[in-house]
Structures are given as C-alpha cells and as structure tokens.
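Asker: So you can see what is in the structure, the chains are spelled out below.
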Amino acid sequence: MSSAVESVALRRLTVQGRVTQAHVLRSEWTKLVSLRSTRWSLLVATVLAIALSALFAAVTSSHWGGMSAHDRADRHPLDIALAGVNLSQLAIGVLGVLVITGEYSTGMIRASMTAVPKRLPVLWAKLAVYAAVSFVLMLPSVLIAFFASQAILSRHDILQISFSHPGVARAVVGGAVYLMLLGVFALAVGSIVRNTAGGIVVFVAIFFVIPPLLDILPTSWNNAVSPYLPDAAGRSIFSLTHGAHSLAPGPGLALFVGYCALAVAIAAVLLVRRDV
Amino acid sequence: MATVVGMIEAQALTKDYGEKRAVDGLTFSVRPGIVTGFLGPNGSGKSTTMRLILGLDAPTSGDVRVNGKHYRDHAAPLHEVGALLEARSVHTGRSAYNHLLALAETHGLPRSRVDEMIDLVGLREVARKRAGQFSLGMGQRLGIASALLGDPHTVMLDEPVNGLDPEGIHWIRNLLKELAAEGRAVFVSSHLMSEMALTADHLIVIGRGRLIADASVEELVRQASGNVVRVRSPQAEELRGHLAGPDVTVVSLEPGLLEIQGLSAAQIGEAAAQHHLVLHELTPQQVSLEQAFMDMTRDEVEFRTGELAEAKAA
Numbered sequence: 003m004s005s006a007v008e009s010v011a012l013r014r015l016t017v018q019g020r021v022t023q024a025h026v027l028r029s030e031w032t033k034l035v036s037l038r039s040t041r042w043s044l045l046v047a048t049v050l051a052i053a054l055s056a057l058f059a060a061v062t063s064s065h066w067g068g069m070s071a072h073d074r075a076d077r078h079p080l081d082i083a084l085a086g087v088n089l090s091q092l093a094i095g096v097l098g099v100l101v102i103t104g105e106y107s108t109g110m111i112r113a114s115m116t117a118v119p120k121r122l123p124v125l126w127a128k129l130a131v132y133a134a135v136s137f138v139l140m141l142p143s144v145l146i147a148f149f150a151s152q153a154i155l156s157r158h159d160i161l162q163i164s165f166s167h168p169g170v171a172r173a174v175v176g177g178a179v180y181l182m183l184l185g186v187f188a189l190a191v192g193s194i195v196r197n198t199a200g201g202i203v204v205f206v207a208i209f210f211v212i213p214p215l216l217d218i219l220p221t222s223w224n225n226a227v228s229p230y231l232p233d234a235a236g237r238s239i240f241s242l243t244h245g246a247h248s249l250a251p252g253p254g255l256a257l258f259v260g261y262c263a264l265a266v267a268i269a270a271v272l273l274v275r276r277d278v
Numbered sequence: 011m012a013t014v015v016g017m018i019e020a021q022a023l024t025k026d027y028g029e030k031r032a033v034d035g036l037t038f039s040v041r042p043g044i045v046t047g048f049l050g051p052n053g054s055g056k057s058t059t060m061r062l063i064l065g066l067d068a069p070t071s072g073d074v075r076v077n078g079k080h081y082r083d084h085a086a087p088l089h090e091v092g093a094l095l096e097a098r099s100v101h102t103g104r105s106a107y108n109h110l111l112a113l114a115e116t117h118g119l120p121r122s123r124v125d126e127m128i129d130l131v132g133l134r135e136v137a138r139k140r141a142g143q144f145s146l147g148m149g150q151r152l153g154i155a156s157a158l159l160g161d162p163h164t165v166m167l168d169e170p171v172n173g174l175d176p177e178g179i180h181w182i183r184n185l186l187k188e189l190a191a192e193g194r195a196v197f198v199s200s201h202l203m204s205e206m207a208l209t210a211d212h213l214i215v216i217g218r219g220r221l222i223a224d225a226s227v228e229e230l231v232r233q234a235s236g237n238v239v240r241v242r243s244p245q246a247e248e249l250r251g252h253l254a255g256p257d258v259t260v261v262s263l264e265p266g267l268l269e270i271q272g273l274s275a276a277q278i279g280e281a282a283a284q285h286h287l288v289l290h291e292l293t294p295q296q297v298s299l300e301q302a303f304m305d306m307t308r309d310e311v312e313f314r315t316g317e318l319a320e321a322k323a324a
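Which chain is which? The protein sequence lines are V and G, in order. The numbers in the first sequence follow our numbering, run straight up by one, and end at 278. The numbers in the second sequence follow our numbering, run straight up by one, and end at 324.
Pulled out of the complex, with its shape left as it was, chain V reads as follows (with noise of 0.2 angstroms):
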C-alpha cells in the first residue's frame, strides 16, 4: 500500500461510550444488513414462499380439469397458499445458523466478544433482529403468497377460501410465525454448535431427515412420538385442520416455543462457559 500516512496523532474520543443492550442490537443490525450472503438468503426465502404456492396454483389450476376425484380431494387451497413455507423454512434456517457460526468461521467472534465481554447481549440482539427481520419479511411474504394462489385459483370456487373463514387468517399468519422461531431455534444451534457445516447438518436433520425416519417405526410408537418433534409441533402452528395425531395450534405453538426456550437456554449457558 503506498498511500502515505502523515499523522500519527490518534484524536481522542469526544464521547463516553458505553455498552448497553440497545447499542448491541444496533451493531447486530449493521452486521446482518452488511453481509451480501445475508441479503441474498433473505430475499431468496421472500421470493420462494410466493413464487412456490403461485407455481404450485398455476399448475393445479391447469390440471384441474384432467384430475382424479381422489386428487382433487386432496388439494386444499390453504396448503398451496403455504406450500412456499417448505422451501422458505431451509432458507431461514440456514441463515439462522450462518448468523452465528460465520462469525466463528472467520474469527469475527473475538472482536464481538471483545467489544461485548459480558456475550450475551451479543446473543439477545442477534436472536432478538434475527427474529424481527425474519417475522417483519415473512409475514407479508405468506399473505401475498395466500391472496396470489387464490387469484390464481379464482376459476375453481371449490379451490375459494375466505381470508376470514375461521382459522385461516390464524393459518396464514401461524406460517409466519413458525418460519421466524424455526430462525430462532437454528440461529440457537448454530451458537451452540460453532461451526457451519455441523450446525445446518443437526438443522437440517432435525426438521427434515428425521421426522420421515420415524415412519419406520411401528405405527403405534410412531404416533405416539411425531406430534411432539419440533418440526411437527411447530407445523401445527400453520395447519388448518388437526388430526388424532397431531397436536392443536395452541399446544403445538407452545411445545415449539418450548424448544426454542430450550435451545436458547443451552446456547447461553455455553457461551459464557465456554473460551471463545
């Protein structure tokens, strides 16, 4: 670097600063909304909850002609408007985990930890933006998605569904809420896991490997298991209707908070234990 430097002299701070917990979910903020690989997994996941449920309207409305009885009994309009959650819910969690173990990666976590000795401000703040960002992309997201699909779907009055036919606005709104506590409980396991490969591999096993590996078992223990997974329980949220083994919106939002608590609670205890 040949652009010289003249003047030693370091300015003295005019200021008295201090560390507070609203300072530390600004600086979160700059570091989420500074990183290209953050902008693009949060757009990606805005897009795919709206364009999947449109594709996915687009092609049942086309087909609808040439299905089967059965198939058309088994499209309901409440799962094509939130068909995108599927693929939206990888995105965010991926991200979750990235938020924490990137700054692992690139040894980011000693200037964070440095600057916030106390660290768990450090955890609050990025659950706490993490948390909003998501909810606050989401949410309009999964709205647009359930009016899109419908008017996609306008043609089929049996494919109609009211926005404020009970339990949809719930439904709809549920799949926001589920997406922003699945960041929660990933950004949680990347904290406690400390590394990108291993915290998307238990991610990505416990809400998509695992749950089918249950059909394994005998049907019996099977239904006596699933319903409290995290996935299932958290999928609960964004169901409109709920079978013998499947648990209600209510207790399945409150089992899925749980977990996250759980994970959140584990995550702190480590990071102040442990040596960065």
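Check the hints yourself; a few may be wrong.
Residues from chain V that keep clear of chain G, each with C-beta distances beyond 12 angstroms, as calculated [to be verified]:
(1) L27
(2) L231
(3) A250
Label-pair restraints from in silico Cβ distances [as the list claims (entries may be wrong)]:
(4) V/R276 with G/S226: 37 to 45 angstroms
(5) G/D83 with V/A246: 23 to 31 angstroms
(6) V/F210 with G/S122: 44 to 52 angstroms
(7) V/Y230 with G/R138: 48 to 56 angstroms
No lab work stands behind these hints, which were simulated from the structure alone. Here a beta-carbon is modelled for each residue, glycine too, at the ideal position from N, C-alpha and C.
Knowing the structure of chain V, use the given hints to seat chain G on it.
Answerer: Below, chain G without anything else, positioned relative to chain V:
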C-alpha cells in the same frame, strides 16, 4: 496534553488446555506511559496471555485485571483496552467500514469516529471493499483501527508488524511511542528481539508460559553481557597477576588476550596504569539484545532445531 492512564496487572496467571499448560503462573504488570514489549519464542504463551487479559479465555487459576478491574466488568471495554489479536478477527464478507461501524455501535460511538480511524490507518480507498479481499498488511491496519476505535487507556497489540511494509512498520513504531507518551499503557508482543529493541522501554520475556525476565531493555543487556571486558596486552600474564580478586575471573583466550569478568574497563585501565603496563585493547563486551534473548530462551523453546532434525530422522 491530556493523559490517559492505563495498566495491566497479572497475578499467578495460569491456563491449561487439556494436559498442556500454556501459561504458567505469570505475574507481571504493564505500566502506563511506556511501551512494554512482550517477548517469547513462538508458542510460548503470548497470545494466550492476551486472550486471558481480554476474558476471551478464562484462566485455570490466577487473576488478571485491566485498569483496576476484570476486563468484562468495565462498562465501556473498548475505552479500556484496544486490542489487536494475532488471529484475524474480522468477518471476511463485511467491508472495513461496516466492520468498524458494528464495533463502534456496541458502545454508541458516532460514525465520525469510524471515519477518523479509517483515515488514521490509511484505508480510505479500500474502506468499502470486503475485508476478505485485503492483503495481510491491510488486514493488520484494519485490526489496528479496531484497537484504537475506543480511544483506549491500554493498547495491546499481538505481533503488530506482521505483514506490514517498511513504511507501515515505521508508522506503527512511532504510533506506539506516541500513545505511550500520552500516558497510555502500551503492551506489544513480538518473537523478534530486534523489533522490540527499537520500540520497547521495558521487556517481559516468557518461555513455555513461564516468566523469564521482567526488566528494562538496558538492564537486560547489562545482565546478559555479564560485564565482560576484553583486554589485549603484550604483558598480559603480568596484568593478570594484578587483577586477581574474589569476584574476578580472568580467562586467557590466546597469548596476549584476556577476557575479564567482574571488573569494569575503568578499573582494569587504572590497574594497568598503576603498574605501568601497556594495553593494546580495552573493550567492554556488549551482548546484543538478540543474543541476550537467545541465551535467555534457549532452554524454553518448544523444539530446538536439533530436536526437530532428530524427530524427522526417527
């Protein structure tokens, strides 16, 4: 000039990683107003000690305080200690500007401070580039900017000249002296004695995690030299007889050449004059700081070249 007093005090500081003791009962203090060099071979525990000071690692036993408190108990840690760690501590995907901004915001410091730091270290042209694209020298400058962001009472830099060009090295030496002159405690590690000889006033030398020396630069040179004086004289044997004393050792290296320990050059010269003996040379032997360091740490380096060669042969 307003002064900014800072200090570091370590008491029997010890850190184990599993079976290995990285830092072993270190007691030292880093005083305000001077540059204290922290010297030791690679792997001797310098970086671990700095991590303990910052609370990144918890000590196995012992204690270390900065400006009177444990680092984590300060309300504004970046005002207390500005640290540059040897391992990179920057997210590679973030620009230099945003990296500094995120750190400044944790303390509620204004954006103008970030701009000041970028100008101070000469990174203006690349401030918006991602830090992952930085050269080693640019990364080092960014680290120094992070360290000085909070106008800290104590400045602690781990191997700061690594990767800097000669101009950058010159700049950092002047900066360190200036920071110390303002009353700050400046603590700088290096594995190069020659570098410390140019910047440090005081030296703390460690090897295998243990304290080897804690003294001023002049004192260390004097100790290491052991007051050896070289004398050349055609009447060497006669002179030798007149110098005998309880604390004096005289070694004859070759006919007419003596090395005398325990007497100053002045005392020897006076003795020679008193007995009308001719001297051709009278030289106090100065051991270089580099040599002093090698002597001190000889037993403390993890693997000596010989051992390594043996290990490879085996």
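Asker: Now tell me, hint by hint, if it's right for this structure.
Answerer: Verification of the hints:
1. Distance check on V/L27: its Cβ comes as close as 9 angstroms (rounded) to a Cβ of chain G, failing to clear the 12 angstroms threshold; non-interface status is violated.
2. Even its closest Cβ contact with chain G, about 34 angstroms, leaves V/L231 beyond 12 angstroms, as expected for a residue assigned away from the interface.
3. With a closest Cβ-Cβ approach of about 42 angstroms to chain G, V/A250 is found to remain outside the 12 angstroms limit, as its non-interface label requires.
4. Distance hint check: the CB atoms of V/R276 and G/S226 are about 39 angstroms apart, consistent with the given range 37 to 45 angstroms.
5. Checking the proposed 23 to 31 angstroms range against G/D83 and V/A246 shows it is violated: the Cβ atoms sit about 56 angstroms from each other.
6. Between V/F210 and G/S122 the beta carbons are some 47 angstroms apart, a value that agrees with the proposed interval 44 to 52 angstroms.
7. Taken as a hint, the range 48 to 56 angstroms holds for the pair V/Y230 and G/R138, whose Cβ atoms sit roughly 49 angstroms apart.
Checked against the numbered hints given earlier, the structure breaks hints 1 and 5 and satisfies all the rest.
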